[in-house]
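Chains as they are written, first to last, in the working numbering: chain A, 1 to 296; chain B, 1 to 296.
Calculated directly from the structure, the hints in this document are not laboratory data.
Some hints here could point you the wrong way.
[Claimed, not checked] Okay, the calculated bits of chain A under chain B, using three or more residues with CB under 8 Å as the criterion:
{"no.": "1", "region": "47 to 60"}
{"no.": "2", "region": "90 to 96"}
{"no.": "3", "region": "121 to 131"}
{"no.": "4", "region": "208 to 218"}
{"no.": "5", "region": "221 to 234"}
Each residue gets a CB set at the ideal place from its N, CA and C atoms; glycine is no exception.
Number of protein chains: 2
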Amino acid sequence: MQFQTLVSDSKSLSGNIGVMFADDELIISAIIKILKQTNAHVTLYGIKDPTELIRSFNIDGDFLNRIHLRTFEDKENVYKKCADDLTNSSIDVLMKGNVSSAEILSFILQHKSFIDENNFLNHVACFEIPSYHKMLMISDVALNILPSIDDRIKMIKNIESFSKGIGYNHLNIGLLSSVEKPTNKIPSSIDAAEISMHFSDDSFVSVEGPFGFDNAIDKESAIEKGLESDIAGNLDALIVPYLDVGNTLYKSLTYFAHAKVASLILGATFPVILTSRSDTIENKVNSAILALRTLL
Amino acid sequence: MQFQTLVSDSKSLSGNIGVMFADDELIISAIIKILKQTNAHVTLYGIKDPTELIRSFNIDGDFLNRIHLRTFEDKENVYKKCADDLTNSSIDVLMKGNVSSAEILSFILQHKSFIDENNFLNHVACFEIPSYHKMLMISDVALNILPSIDDRIKMIKNIESFSKGIGYNHLNIGLLSSVEKPTNKIPSSIDAAEISMHFSDDSFVSVEGPFGFDNAIDKESAIEKGLESDIAGNLDALIVPYLDVGNTLYKSLTYFAHAKVASLILGATFPVILTSRSDTIENKVNSAILALRTLL
């Protein structure tokens, strides 16, 4: 699948995005772009009334009609109302505004009914990298620090459901290491063999590894190395062994390889948009479009 | 310092590069480019006589005169002669040809006199990244898998000597993690605080960390995060916590960010060029030029 396919034709996308604490210019600016590019509604939960801030953007009445305000006196009531609205499906997507990621995650984890049967949350970043021939998902670049083998199996299951939801028929998943052959000296290479074995009977995903990053994304380099793999150089998703690897890769791709990205937290019963302040507005908007697409 | 400064004006560079097992087209092709771009000599140690292979390149006599052959019947004598020539300084640089990195490293480690007083070998990759304003050294991307805190201190010392040798007066060194503030949950962030403390009295290096990759290489993102650091966004060298991080970063920069690179093994009493088959010829040549520059 191409990244462009996911973020194009967004006009017809609908749903209600609940934004927690939408009280700064950056997040309102992203929300207005989301309203312009989709047919979605947004419900803003917070303590400060964002009416003046929204008016300062001078937008048409049609857009204003799709913004709903839920303003309360204290945080407790903000979270309570938002939890109720997620439970009764008045909102379909949760989006982080001017609040820490830790606080939003803790809000989700406090409600057992918000976590799906897989019982594991992970972040997935979907990249359009100029020199790669299709969209590349990478996990985990933001949430899980030292995921165990079992965690990474659950991570793959979350990516599997997510990918089915956005229209994939099959997924090539690579397990990243520094080498292509398991060696006891490099733990990530040994883990890869165990993780891939777990999916040997799964027809939706082909899970292989260990891969060095070059062999994961470049077929020629895999051939040069004599790597026998059907999916080398043609991955849809890459599972990194530690957060330090994923986080560095994410930042090197966005800063130095001019990659576009959209990202979500998977594993909740609803998609969660948890972009950070340093993410571009385009990134936030694309993440929202991706979230709405999972609702189709 | 700029990468270009290091690999330009190479015509005047001299020295004798000893190449282990220079018996394939790729390595001979790199050697001929090195002869053309510098004033160095090369001594080729091996079992197969490479004369015919060299002739097939049809090069001028001037270049042929700077190639010296040391061909033996068995590997043992190849290594023995090469060790003698390194000991008596007939050759100044060791370069890997058609042989595994592990074999060359084991050859070095077998000779105590080949390891400098710091007693630690590490790989340093010197990058020219199109969107970064100066050369960025990254270590370790190829050799040390899970370097301890002490190993990373020695790594920095090796980079310090190397940098002095190629003309630096000061070095900004960042310790990479996923976050900018030490947290017990992320081991690399805690290590960073300990490692940087070790260099607090060193006037040649400013060692700080932990850094996320964005704050390490982009001043604006560091300011946005409110990071108080004199060197954020302006690093000369980046120390990664694990090989998996460095190796992935190396490959993402060369494959997707169109970075040029030259790399060496530091910590021996002579520079070691240990590029891999998948490295480009330009990379091999630039690494040789870098090695010769350390001899000045």
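We went through each hint and held it up to the structure:
Using a Cβ-Cβ cut-off of 8 Å, 0 residues of the region 47 to 60 of chain A lie near chain B, which falls short of the minimum of three, so the contact claim is violated. Figure legend: the region 90 to 96 of chain A, annotated as covered by chain B; annotation inconsistent (0 residues with Cβ-Cβ distances under 8 Å, at least 3 required). Coverage of the region 121 to 131 of chain A by chain B holds. Counting CB-CB distances below 8 Å, 3 residues qualify, and the rule asks for three or more. Figure legend: the region 208 to 218 of chain A, annotated as covered by chain B; annotation consistent (5 residues with Cβ-Cβ distances under 8 Å, at least 3 required).
Interface restraint, the region 221 to 234 of chain A with chain B: holds (3 residues with C-beta to C-beta distance below 8 Å; minimum three).
The structure does not agree with the numbered hints 1 and 2 stated previously, though it agrees with the rest.
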